[in-house]
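Peer 1: Listed here are the chains, written in short residue letters.
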Amino acid sequence: MDTGFVVDPDVAARFPDLHPPLGKRAAVVEANRCLNCFDAPCMSACPTHIDVPQFIKKIASGNVPGSAKTILEANVLGASCSRVCPVEVLCEGSCVMHGKSERPIEIGRLQRFAMETFYDAGGKLPLRRREERQQRMACLGAGPSSLACAAELRQLGFQVTVIDRRALPGGLNTYGVAEYKLRTADSLREVEMIRGLGVKFEVRDIDAAGLEELEREFDVVFLGVGLGAMHRLDVEGSTSAGVIDALEFIEGYKTGARLTVAPRVVVVGAGNTAIDAACAAKRLGAETVTILYRRQRANISAFDFEYEHALREGVKFLWTALPVGLRETEDGIALACLEVAPDEAGLLVPLEGSEFTIECDVVIPAIGQSPLVDLLSQARGVSMEWGRVVIDRATGQTTNPKYFAGGDCVNGGREVVDAIADGKRAALGIAAVLAGNEVANG
Amino acid sequence: MADLTTNFAGGIKCPNPFWLASAPPTNCGEQIMRAFDAGWGGAVWKTIGEPITNVSSRYSSVDWAGQRMMGLNNIELISDRPIEVNLLEIAEVKRLYPKHAVIASLMVESKREVWHEMVKRAEGAGSDGLELNFGCPHGMSERGMGSAVGQVPEYAQMITEWVKEVARTPVLVKLTPNISDIRVVARAAKRAKADGLSAINTINSITGIDLDTFEPRPNVGGKSSHGGYCGPAVKPIALNMVQQVNSDYVDGPPIPMSGIGGVSNWRDAAEFILMGCGTVQVCTAAMHYGYRIVEDMIDGLSNWMDEKGFVTIEDFRGKSLTKVTEWKHLNLNYKIVAQIDEALCIGCQLCHIACWDGAHQCIHVDRVTGSVDGHVEVHAKPREMGRERIAVTPIPKLDAPKVHVGTHATSLERIPRVDETECVGCNLCSLVCPVDHCITMVERPSGLAPETWAERTNALVDRAG
Ligand SMILES: Cc1cc2nc3c(=O)[nH]c(=O)nc-3n(C[C@H](O)[C@H](O)[C@H](O)COP(=O)(O)O)c2cc1C
Ligand code: SF4
Ligand code: SF4
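Protein chains in written order, with the numbering used here: chain H, 1 to 442; chain B, 1 to 465.
Note that these hints are calculated values from the structure, not bench results.
Be a bit skeptical, because a hint or two may be false.
Said to hold, decoys possible - The calculated lysine to aspartate or glutamate pairs, modelled on EDC-like cross-linking and capped at a C-alpha distance of 20 angstroms, are:
| # | chain 1 | residue 1 | chain 2 | residue 2 |
| --- | --- | --- | --- | --- |
| 1 | H | LYS200 | H | GLU213 |
| 2 | B | LYS99 | B | GLU123 |
| 3 | H | LYS316 | H | ASP361 |
| 4 | H | LYS100 | B | ASP341 |
| 5 | H | LYS316 | H | ASP343 |
| 6 | B | LYS120 | B | GLU109 |
| 7 | H | LYS57 | B | ASP37 |
| 8 | H | LYS282 | H | GLU359 |
| 9 | H | LYS100 | B | GLU342 |
| 10 | H | LYS402 | H | ASP219 |
| 11 | B | LYS223 | B | ASP210 |
| 12 | B | LYS120 | B | GLU154 |
| 13 | H | LYS100 | B | GLU413 |
| 14 | H | LYS316 | H | GLU359 |
| 15 | B | LYS99 | B | GLU50 |
| 16 | H | LYS402 | H | GLU359 |
| 17 | H | LYS24 | B | GLU50 |
| 18 | H | LYS57 | B | ASP63 |
| 19 | B | LYS164 | B | GLU123 |
| 20 | B | LYS13 | B | ASP37 |
| 21 | H | LYS24 | B | ASP210 |
| 22 | H | LYS200 | H | ASP219 |
| 23 | H | LYS100 | B | ASP436 |
| 24 | H | LYS24 | B | ASP212 |
| 25 | H | LYS181 | H | GLU116 |
| 26 | B | LYS111 | B | GLU50 |
| 27 | H | LYS316 | H | GLU339 |
Based on the provided sequences and hints, a complete structural model is requested.
Peer 2: Structure below.
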């Protein structure tokens with residue numbers, strides 16, 4: 001499948017796969033290690049409940065197409081999940097092998113093997129249901145949650161349109177994941193597969209008027225818009241050209257807009273995105289990359305394995321450091337910082353006389369994304385709490401029955417797989433609610 | 001220190017009971033001398049007879065769960081080398097390795113003079129014994145030799161008698177398993193005064209079919225033929241046949257037995273010896289890994305013998321024969337039940353599904369607290385279990401880490417429970433459990449006096465009478 005997307009060859013060379021793929025024999029050997037648990041804990045741990053033993057045993061028997069179908073049946077974005085999921089805290093973390101003091105089964109790499117074999121062979125998924133249903137569904141946002149919702153709705157026979165303001169669908173999978181984990185081209189390949197099911201994609205910027213239009217055009221609107229812009233670094237001088245937020249930075253090198261970075265880079269924040277940005281800076285040629293974090297190692301929100309990975313890439317961590325001001329100098333940026341410590345109430349207070357300055361060229365804030373309150377608050381009757389859309393957990397329905405929602409705009413920002421699970425659950429919820437209405441009106 | 005020296009079938013002496021079976025590893029003198037250097041105690045020469053022409057390919061195998069060659073199949077015939085060359089090399093090997101056993105395996109046309117001639121020549125070359133190949137299940141049997149002889153007790157007896165007329169060294173008859181009762185040919189050999197037996201030869205097999213070409217393996221230009229199966233997969237079959245023959249007193253007491261069939265290590269060897277064998281023969285394992293495997297066979301068997309206090313092979317040979325009986329003599333009142341060690345259980349629930357679908361529906365996943373026994377109705381399934389539950393990725397900052405309580409490897413809700421009142425003590429769960437010693441079968445004395453089926457039915461007859 002040609003997605004018409006070519007990554008810069010130099011960037012590609014700097015971001016080879018973090019984990020090598022499994023070869024066919026190695027996959028079979030690994031698949032044979034799987035105990036084939038009954039009611040397997042890995043399956044429960046997976047937010048999309050992929051039947052893990054089933055797809056693994058199909059690899060062992062040489063039925064790789066069947067294995068791929070088993071995965072896609074539960075999780076239509078099984079390929080990106082196999083690359084971006086924090087399997088250490090999900091399926092592989094729950095593998096019973098831990099109880100035997102043995103290595104867990106490499107579920108992530110096995111899934112990737114099945115998925116890559118599937119896509120290399122053309123990557124076509126047959127439609128589950130042949131009869132068309134006339135109801136029209138809009139999935140707002142083209143990220144993982146919307147894609148999962150759209151694919152499932154389409155599989156149920158509905159007429160589905162995915163709407164996003166950006167040129168390429170896929171959301172963060174396309175624009176925001178470190179290239180050594182998930183290539184943009186791989187994300188787009190999945191989108192093409194979903195398009196192949198008959199899902200339509202539209203580029204349209206939606207505002208309040210746009211939402212009203214959608215309500216008229218469609219029977220149901222699924223909100224899978226994710227989060228908004230990244231939080232700005234709230235210090236003097238942060239509008240400097242040397243300050244670039246982490247997602248913009250990542251998108252830049254993934255789409256070919258940025259091929260290098262200046263030698264001295266500071267990343268502010270210690271979440272998973274901060275680590276992706278820091279490692280990318282290192283690979284793009286930065287000499288020093290320092291992550292500034294205002295608390296201690298134990299408080300970071302990045303997964304342990306991400307932290308370890310950053311250390312291996314040569315990223316330095318500076319704990320209990322708070323940036324307070326930024327000034328452009330002759331040869332770069334002077335980032336003024338304070339050392340902070342929590343007081344009795346847990347509030348961070350500066351230590352007296354702890355001011356210091358870091359000389360650098362680029363500052364990359366990675367301190368979270370703000371919710372898309374502006375847009376979401378325009379959706380009539382859709383309640384929000386703490387910047388998140390309120391839904392019924394089981395169906396994904398919002399307080400306005402015409403709207404369903406899932407993904408980051410609901411959970412405040414979790415993993416790709418959580419967004420996919422939300423999207424699929426919402427699709428099933430939509431179908432169930434429509435069926436209920438039909439019965440009630442029938 | 002264990003003494004492995006062996007004196008088999010009335011005079012075949014060797015430093016240990018490990019022999020290479022008549023097969024490709026014993027094709028020529030150069031190989032056999034290397035095998036003796038590696039430590040093998042004896043070798044049965046690749047069957048000697050009028051040279052044949054082999055086909056290619058010749059072998060196929062059965063892999064299992066990622067392991068190669070659980071079973072090996074071959075359609076090879078006897079030696080393709082001239083008789084005189086084989087005999088010259090026997091003489092050479094015996095000259096250089098006088099303390100090792102060299103057995104000449106023979107297969108010739110079913111004519112008395114031909115057999116007489118062959119026996120004299122083999123013994124003339126210096127072989128320590130003869131093995132009559134009445135087992136080869138393919139090719140040779142179509143020419144009236146091999147298993148064509150081994151499947152007809154009268155032929156087997158007749159040819160063995162011809163051989164015994166002239167043989168001065170011990171004569172072993174190699175039995176084919178491709179017969180409904182292996183004992184009938186063993187009895188024929190005993191009637192013909194054979195000095196010993198070798199069992200088993202390979203089992204008729206077709207190992208598999210290529211699903212693209214529909215051609216079974218091994219493929220000889222698009223066609224295949226049934227072959228002989230051997231290797232680890234056949235060990236249980238071989239052990240059973242050896243037990244049957246070694247416990248058979250028809251036509252005289254059992255005679256010395258060289259055990260063959262799936263012997264791959266010292267444990268297998270110990271089992272065949274416990275079942276009465278004086279030596280064991282190895283083919284597939286040596287073809288798979290080379291002669292070097294004998295080092296561990298010698299070392300492992302010696303260590304085990306030391307640990308058990310056995311000094312010679314004879315000290316434990318046949319010890320398990322008395323522990324095999326007919327089913328009707330088993331105690332019907334012996335009762336065991338499965339017991340799960342909760343501290344070891346990893347929660348795979350394979351025992352549950354095995355008992356549920358494949359046994360007696362008495363392992364339940366319905367635990368709420370602690371270990372409880374009783375009928376399933378008493379316990380409600382914990383709420384929100386398994387895949388109905390909405391799962392999310394735990395985030396270090398937001399979600400409390402899963403704390404591990406106590407010494408158990410797994411959370412109690414995943415540990416199955418055995419309903420002892422319903423357990424029939426079949427063993428299945430303990431066989432499927434992937435954790436060593438996690439499920440043990442424990443005796444629950446029934447309080448009843450031992451009673452066998454034979455006793456019970458005799459009692460009925462007595463009462464009726
Ligand atoms: C526990 C057990 C009980 C069996 N009981 C019977 C039986 O009652 N009748 C029968 O014809 N075969 C019986 N068999 C043999 C099977 O039908 C089958 O022929 C044999 O297991 C070989 O197949 P497999 O290699 O797939 O196990 C039994 C097998 C097992 C494992
Ligand atoms: S021994 Fe057999 S019947 Fe008893 S629990 Fe295990 S599988 Fe079930
Ligand atoms: S098979 Fe063994 S480890 Fe698995 S659940 Fe049963 S007792 Fe536990």
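Peer 1: Now tell me, hint by hint, if it's right for this structure.
Peer 2: Going down the list of hints, with the structure as the test:
1. A C-alpha spacing of about 17 angstroms is found between H/LYS200 and H/GLU213, which places the hinted pair at or below 20 angstroms, so the restraint holds.
2. Proximity of B/LYS99 to B/GLU123 is assessed by CA-CA distance (about 16 angstroms); at most 20 angstroms being required, the pair is judged to hold.
3. Of the pairs offered as hints, the one joining H/LYS316 and H/ASP361 holds, with about 16 angstroms between alpha carbons and a cut-off of 20 angstroms not exceeded.
4. Taking the CA atoms of H/LYS100 and B/ASP341, the gap is near 13 angstroms; set against the 20 angstroms cutoff, the hint holds.
5. For a cut-off of 20 angstroms, the pair hint linking H/LYS316 to H/ASP343 is broken: about 26 angstroms separates their Cα positions.
6. Using a Cα cut-off of 20 angstroms, the hinted pair B/LYS120 and B/GLU109 holds, with the two alpha carbons roughly 15 angstroms apart.
7. For the given pair, H/LYS57 sits about 44 angstroms from B/ASP37 by alpha-carbon distance, which is inconsistent with the 20 angstroms threshold.
8. Only pairs whose Cα atoms come within 20 angstroms are accepted, and H/LYS282 paired with H/GLU359 is accepted, the gap being roughly 17 angstroms.
9. Of the pairs offered as hints, the one joining H/LYS100 and B/GLU342 holds, with about 13 angstroms between alpha carbons and a cut-off of 20 angstroms not exceeded.
10. For the proposed pair H/LYS402 and H/ASP219, the alpha carbon gap of about 7 angstroms is at most 20 angstroms, so the pair holds.
11. With a C-alpha separation of about 11 angstroms, the suggested pairing of B/LYS223 with B/ASP210 holds against the 20 angstroms cut-off.
12. A threshold of 20 angstroms between alpha carbons decides the hint, and for B/LYS120 with B/GLU154 the separation of about 23 angstroms lies outside it, so the pair is violated.
13. Simply put, H/LYS100 and B/GLU413 have alpha-carbon atoms about 18 angstroms apart, close enough for the 20 angstroms limit, and the pair holds.
14. Between H/LYS316 and H/GLU359 the alpha-carbon distance is near 15 angstroms, which keeps this suggested pair within the 20 angstroms criterion.
15. For the given pair, B/LYS99 sits about 29 angstroms from B/GLU50 by alpha-carbon distance, which is inconsistent with the 20 angstroms threshold.
16. For the suggested pair H/LYS402 and H/GLU359, the alpha carbons sit about 53 angstroms apart, so the restraint of at most 20 angstroms is broken.
17. The hinted pair formed by H/LYS24 and B/GLU50 fails the criterion: a straight-line CA distance of about 46 angstroms is larger than 20 angstroms.
18. About 16 angstroms separates the Cα atoms of H/LYS57 and B/ASP63, which keeps this hinted pair within 20 angstroms; it holds.
19. For the hint pairing B/LYS164 with B/GLU123, the CA-to-CA distance comes to about 12 angstroms; that is within 20 angstroms, so the pair holds.
20. Among the hinted pairs, B/LYS13 with B/ASP37 is consistent with the structure: their alpha-carbon atoms are about 17 angstroms apart, no more than 20 angstroms.
21. In summary, the hint linking H/LYS24 to B/ASP210 is supported, as the alpha carbons are separated by about 19 angstroms, within the 20 angstroms threshold.
22. With a CA separation close to 16 angstroms, the supplied pair H/LYS200 and H/ASP219 stays within the 20 angstroms bound.
23. Of the supplied pair hints, the one linking H/LYS100 and B/ASP436 holds, its CA atoms being roughly 10 angstroms apart against a limit of 20 angstroms.
24. Between H/LYS24 and B/ASP212, the direct Cα distance comes to roughly 18 angstroms. Compliance with the 20 angstroms bound is thereby established for this hinted pair.
25. Taken as a hint, the H/LYS181 and H/GLU116 pair is honoured in the structure, with Cα atoms around 14 angstroms apart against an allowance of 20 angstroms.
26. Annotation: proposed proximity of B/LYS111 to B/GLU50 holds, straight-line Cα distance about 13 angstroms (limit 20 angstroms).
27. Restraint check for H/LYS316 and H/GLU339: the C-alpha separation of about 16 angstroms stays at or below 20 angstroms, so the hint holds.
Checked against the numbered hints given earlier, the structure breaks hints 5, 7, 12, 15, 16 and 17 and satisfies all the rest.
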